[in-house]
Every structure is written in structure tokens, then in C-alpha cells.
Amino acid sequence: MNGRTLILNAYVYAVLVFILVPILIILPMAFSETEYLVFPPKGFTFDWFGRFFSDRLWMQALQFSFQIAVATAIASTVIGTMASYALVRGAGALGSLFQALLIGPIVVPHVALAVALYLFFERVGLSGTLAGYIIAHTVLALPFVVFTVSAALLSVDPALEDAAMSCGATRFQAFRLVTLPLILPNVVSAALFGFIISFDEPVVTFFLAGIRDKTLPRMMFDDIEQNLTPIIPAIAVLLTGISVLILIGAAALRKAAENRTMPRFDEMK
Amino acid sequence: MQKISASSAPDLAVHPQPVRFFEASGRKLSQAAIVFLMLPFFALIFVAFLYPLLSLLLISVQEPEPGITNYVRIFENPIYATVLLRTLRLALLVSILSLMLALPVALLMARSRGPKLAFITACILLPFWSSVLVRTAAWSVLLQRNGLINQGLQAVGIIDAPVKLLYTQGAVIVAMSHVLMPFMVLPIYGALRNIPVELGRAAAICGAGPNRSFWEVTLPLAMPGIVAGFILVFLSSLGYFITPALLGSPQEMTISTLISQQLREFLDWPFAAALVGVLSLLVTAITLAFSRVFRFDRMMGAHE
Numbered sequence: 001m002n003g004r005t006l007i008l009n010a011y012v013y014a015v016l017v018f019i020l021v022p023i024l025i026i027l028p029m030a031f032s033e034t035e036y037l038v039f040p041p042k043g044f045t046f047d048w049f050g051r052f053f054s055d056r057l058w059m060q061a062l063q064f065s066f067q068i069a070v071a072t073a074i075a076s077t078v079i080g081t082m083a084s085y086a087l088v089r090g091a092g093a094l095g096s097l098f099q100a101l102l103i104g105p106i107v108v109p110h111v112a113l114a115v116a117l118y119l120f121f122e123r124v125g126l127s128g129t130l131a132g133y134i135i136a137h138t139v140l141a142l143p144f145v146v147f148t149v150s151a152a153l154l155s156v157d158p159a160l161e162d163a164a165m166s167c168g169a170t171r172f173q174a175f176r177l178v179t180l181p182l183i184l185p186n187v188v189s190a191a192l193f194g195f196i197i198s199f200d201e202p203v204v205t206f207f208l209a210g211i212r213d214k215t216l217p218r219m220m221f222d223d224i225e226q227n228l229t230p231i232i233p234a235i236a237v238l239l240t241g242i243s244v245l246i247l248i249g250a251a252a253l254r255k256a257a258e259n260r261t262m263p264r265f266d267e268m269k
Numbered sequence: 270m271q272k273i274s275a276s277s278a279p280d281l282a283v284h285p286q287p288v289r290f291f292e293a294s295g296r297k298l299s300q301a302a303i304v305f306l307m308l309p310f311f312a313l314i315f316v317a318f319l320y321p322l323l324s325l326l327l328i329s330v331q332e333p334e335p336g337i338t339n340y341v342r343i344f345e346n347p348i349y350a351t352v353l354l355r356t357l358r359l360a361l362l363v364s365i366l367s368l369m370l371a372l373p374v375a376l377l378m379a380r381s382r383g384p385k386l387a388f389i390t391a392c393i394l395l396p397f398w399s400s401v402l403v404r405t406a407a408w409s410v411l412l413q414r415n416g417l418i419n420q421g422l423q424a425v426g427i428i429d430a431p432v433k434l435l436y437t438q439g440a441v442i443v444a445m446s447h448v449l450m451p452f453m454v455l456p457i458y459g460a461l462r463n464i465p466v467e468l469g470r471a472a473a474i475c476g477a478g479p480n481r482s483f484w485e486v487t488l489p490l491a492m493p494g495i496v497a498g499f500i501l502v503f504l505s506s507l508g509y510f511i512t513p514a515l516l517g518s519p520q521e522m523t524i525s526t527l528i529s530q531q532l533r534e535f536l537d538w539p540f541a542a543a544l545v546g547v548l549s550l551l552v553t554a555i556t557l558a559f560s561r562v563f564r565f566d567r568m569m570g571a572h573e
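Here the protein sequences come in this chain order: F and G.
The first sequence begins at 1 in the numbering used here and counts up one residue at a time.
The second sequence begins at 270 in the numbering used here and counts up one residue at a time.
Same shape as in the complex, but just chain F:
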């Protein structure tokens, strides 16, 4: 390893430390006995987990966020998969409009969308309602669902569907019995995307939230702004645990996908 490579390696590992330290440093603070966040943590206690699970407001927020995230995952996956299928099977001019609109929710700052939706929901009586949050989060999640699902659709040989239809299946049967099983791993990861985008979304919920119907990110925002107690790292520990489980699940799905994907017809020769 020459000097140049050594310097590059050292620099990159320093950057990785910069990335990892704030993510890792927060976790042990969940067990601190102090009323405020401090590093290194003092003492060792599970109190903050107990406080989180016994506090009515935190539990309501957790339940509310969970409901929103599950509904968002379902809505964005169904709507996104329908549109992706139409797109991949030749949407023409409508497809161009679709692609132009698709990047909208990614490019437009969340603050702008949050303010616009707040005003709109106030007028139509959706502000602070479950439906309002689900609509807002589905808009945010849709681009990611479409990218995940359409990538999978493009990797499936269309000849399989054609064969099914030649054998008398309707278009819907061909999709449900041939294509959907093949893209299922990606559809499930798209749903996970939708869930996480909704569950972890701080900005739109910040503007939409009322006094009573707070989501988990909104409660966390208030705690960081006002108290900065070890309840935040306690939640981080719980979320990290869930993320690790999801990652393991996703890896298993990918493995299943590899075993399941059929070779394209032209590759079978």
C-alpha cells in the first residue's frame, strides 16, 4: 500500500467514524439514570423503556403512527403496483406524464407540501385525522414504491405472461398467478419502504399535527426541543431493533427472490 492509498484509506475511515459515531453514541444513553441526555451515560437502568411504555401519550402516539404507517404501506403499494404495471406494459403518453409527476413528491421540499396540505386539510375537514395523514404519507411513499416494483416488473420475462394468456388466462389471472408471485419479494419490500417512510416522517406530520392527535415523530420532536430526555435513545434502541429484524427479513426475501426468478426465455437456450 503506497502513501497515496494509505492517506485515502485513513481519510475514508475517518469519514465513516463521523457517520457512525452519532448513530451509535445515542444507543447507550437509553440506559442512563439521569433526567437529561448525557454522554457517557451515568448508571444503568431500564427506567426509560418503562416510562415510554407506561406513558399514555407516548403509547397513543405509537399506536397512531403505527396505524398510519400500516395503512400507508398498503395504500401506496396497491396504487403504486397498479400504476407500475400499466407503465411497464406500455402506457405511452400517459406514462410520460406519470414519470414527470412521479418525482414531484421527491423534489418539492417537504415543508412546502406540508404547508399546502395543512391548508387543504383545514378546508376539507381532514386535518388531524387518520385519513389525512394516510393521504399525505401515501403521496410521499409512492415514488419509492413505483421504483421498487417497476424494477422488478422489468426483470420478469413478459413471455411468461404471454404464454399464460395464450393458454386462456385473462390478463388479471396472468398477472395474479404468474407475474405477481415473481415480483412478490419486491412488492413486499416496497410495502416496507412505505411503512418506514410514514413511520419516520417528521416534517409533514409536524405541520399537520394538532394538540391531541400527535404522531410518534411529533412527540419525539417536542421532547428533543423541550427536554431532551433519555426517552429518545430508548425509542432509538427499539427502532434499531425493529430495523435489524426488517433487514434480516429483507435479506431472506432477496434470497427467496433469487431462487424464484426464472431465467428469461432467451437465456435458456
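The hints are simulated quantities; they were obtained by calculation from the structure and are not laboratory data.
Positions of the beta carbon are idealized from the N, C-alpha and C atoms, including for glycine.
Heads up, a few of these hints could be off.
What the hints assert, rightly or not - If we take Cβ atoms under 8 Å as the criterion, some of the chain G residues that face chain F in the derived model are:
hint, residue
1, M307
2, I314
3, P321
4, L322
5, S324
6, V374
7, P396
8, V401
9, R404
10, T405
11, W408
12, L417
13, H447
14, F510
15, A541
Said to hold, decoys possible - The calculated label-pair distances, taken between Cβ atoms and stated as ranges, are:
hint, chain 1, residue 1, chain 2, residue 2, range
16, F, Q63, G, L386, 37 to 45 Å
17, F, R254, G, R358, 37 to 45 Å
18, G, L557, F, L180, 31 to 39 Å
19, G, F397, F, P28, 17 to 25 Å
20, G, V304, F, A10, 53 to 61 Å
21, G, L488, F, T45, 47 to 55 Å
22, G, E521, F, S54, 33 to 41 Å
23, G, L557, F, F53, 45 to 53 Å
24, G, E345, F, T5, 53 to 61 Å
25, G, E334, F, I248, 56 to 64 Å
As the list claims (entries may be wrong) - Sample of chain F residues with no beta-carbon within 12 Å of chain G, all distances over it, derived:
hint, residue
26, F31
27, G43
28, G50
29, R51
30, F53
31, D55
32, Q63
33, Q67
34, G125
Chain F is already provided as a structure; the job is to place chain G on it using the hints.
What follows is chain G alone, placed relative to chain F:
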């Protein structure tokens, strides 16, 4: 000696035919089926995205009186003009810092294989799995008066007494770069990975040292990825809300925290709407200007 430059490289090898991300395949659907399948998407985007944004912009030019008074107020009042300039400066600094952090990481990733590549990639992707709020809380602990960074600086003797780090522009820049920097790594890595190894060897054969090879071969060819990453981070920074709201100084507002203040504290809807208008127009203009590099397969670091 022949001048070595990217332009003398065989063009086909460097820019293979661009693959469109969405390509139609299979038996085409009927027009009616396409409309039916896309209807829920268009309905949602029109009702819950386009319509709310457009009606907000309409308010900004209709209330309190028809005209552009709200916009004039933004640009004429030095306080608001300062906020606008500060936001642009912040976004630029975050993009530059992110580039300085991301470029070497992408370079090493492109030169690595196996477990090392997997490890670096995992470190870069890890932030996507952790909540932005949690990371912001971590930064506010690190930057506290008696936090780790102040202690460290005192231990090595750079400062004698704790300095104020939290609730400053510096805190916002560092924490935002921490959040947005992975978005810079992926497109640059994608561009670097597509550079054929032969080009580096050819440069070496023609007598270019590692420096010259980097500046005249690698960097120009990685430029699309660098520009894409830079624009993506710049755009995200412009409207970023969480970090400036929690780590920034109340005296040094950005456009997003100003929008929040106008809306939540002063209930000045039309003015907040005009600020959203300025932000949206800025973002749209930049997106359209760079629409060629703004491609999502590239953003995600995909092969071309």
C-alpha cells in the same frame, strides 16, 4: 507526449446507450386498462399534491390583496432577503462539505472489492435505517456545552473553556451534511464504477502519473455523478426543516423555519404561502435546469 483527456477516450465505452429506466415490455395493455390502472395514482397526485400546492400559490398572490405584495415584501425587507441568502449559503456549504466527505469515500468504494466494499457500503447506507430525529438528538448531545466535542477540543488544548456549538450555523451545517452526505456518495460511486479500468491503464502507459490520471481522466468522467449528487444535496438542503429547527439559532432562521414561524406563530398565511412559492420556484428551476443529470437510476448508483 499526447495530451490525455477524457474527450479522447472512446465515447462509446464511456457512455453506453442510455437505458431508460422505464421501458415498455410484454403485450401492451388496452388504453382503457391503462387509464383504469393509473387512475388512483393520478387522482391522488392531483388532489393531494398538485391542487394543494397550486391553491397555496394562488393565495400568495390573492391575499390580502391581489398582486405580488407578498413577494415584494420578501425581497424588499432586508430581514427576509437575509434569510433567503442565508438559506442559499447554508445549502451551498452543506453541499460542498458533503462533496468533500463523499468523493474520497466513493473513490475508495470504486477501488475496493469484497468484504471491504460491503463494509463501506453498509456504513454509508446505515443512516437510511436510523431516524433523522434520533440523529439530530445525538448531535445536540455531542455539541452540548459539556458534550464530547467540547471535552475533546479542551483535552487536546485547542480551546481553554467550552465554546458554544449548539444552536449555531456550524451545528446545522455539520448535522445536515451528516444526514445528506450518503445521497452524494451513491451517484458519484455509480459514475466511478462505470469508468472502464483500461482508461486508467492507458493514461499510465501514456505517461500520466496518478495525479494527472485522476484530474484528467477520473474526475471528468465522474462529473455527471458529482453534479447529480451535488444538486440532490443542494435541493434537499434548501427546504430542510428538522435540523435548522432543532439545532439552529432562532436569530439565524432559514426559509423553512421562517415559513414555520409565519404560519404557526403569526398565522400569516399569505406571506407563508409566498415563502413556499419562492422556495418551490427555486427548487423547480434548479431541477429543470439540471433535468439531464437528474435521473433516478443514477441517483441510486445503478449501472448504466
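Here is how each hint holds up against the structure:
{"no.": "1", "hint": "M307", "verdict": "holds, 5 Å"}
{"no.": "2", "hint": "I314", "verdict": "holds, 5 Å"}
{"no.": "3", "hint": "P321", "verdict": "holds, 4 Å"}
{"no.": "4", "hint": "L322", "verdict": "holds, 5 Å"}
{"no.": "5", "hint": "S324", "verdict": "holds, 7 Å"}
{"no.": "6", "hint": "V374", "verdict": "holds, 5 Å"}
{"no.": "7", "hint": "P396", "verdict": "holds, 6 Å"}
{"no.": "8", "hint": "V401", "verdict": "holds, 6 Å"}
{"no.": "9", "hint": "R404", "verdict": "holds, 5 Å"}
{"no.": "10", "hint": "T405", "verdict": "holds, 6 Å"}
{"no.": "11", "hint": "W408", "verdict": "holds, 6 Å"}
{"no.": "12", "hint": "L417", "verdict": "holds, 6 Å"}
{"no.": "13", "hint": "H447", "verdict": "holds, 6 Å"}
{"no.": "14", "hint": "F510", "verdict": "holds, 5 Å"}
{"no.": "15", "hint": "A541", "verdict": "holds, 6 Å"}
{"no.": "16", "hint": "F/Q63 to G/L386: 37 to 45 Å", "verdict": "holds, 41 Å"}
{"no.": "17", "hint": "F/R254 to G/R358: 37 to 45 Å", "verdict": "holds, 42 Å"}
{"no.": "18", "hint": "G/L557 to F/L180: 31 to 39 Å", "verdict": "holds, 37 Å"}
{"no.": "19", "hint": "G/F397 to F/P28: 17 to 25 Å", "verdict": "holds, 22 Å"}
{"no.": "20", "hint": "G/V304 to F/A10: 53 to 61 Å", "verdict": "holds, 58 Å"}
{"no.": "21", "hint": "G/L488 to F/T45: 47 to 55 Å", "verdict": "holds, 52 Å"}
{"no.": "22", "hint": "G/E521 to F/S54: 33 to 41 Å", "verdict": "holds, 39 Å"}
{"no.": "23", "hint": "G/L557 to F/F53: 45 to 53 Å", "verdict": "holds, 49 Å"}
{"no.": "24", "hint": "G/E345 to F/T5: 53 to 61 Å", "verdict": "holds, 55 Å"}
{"no.": "25", "hint": "G/E334 to F/I248: 56 to 64 Å", "verdict": "holds, 59 Å"}
{"no.": "26", "hint": "F31", "verdict": "holds, 14 Å"}
{"no.": "27", "hint": "G43", "verdict": "holds, 17 Å"}
{"no.": "28", "hint": "G50", "verdict": "holds, 19 Å"}
{"no.": "29", "hint": "R51", "verdict": "holds, 16 Å"}
{"no.": "30", "hint": "F53", "verdict": "holds, 18 Å"}
{"no.": "31", "hint": "D55", "verdict": "holds, 17 Å"}
{"no.": "32", "hint": "Q63", "verdict": "holds, 18 Å"}
{"no.": "33", "hint": "Q67", "verdict": "holds, 18 Å"}
{"no.": "34", "hint": "G125", "verdict": "holds, 14 Å"}
Consistency note: the structure conflicts with none of the earlier hints.
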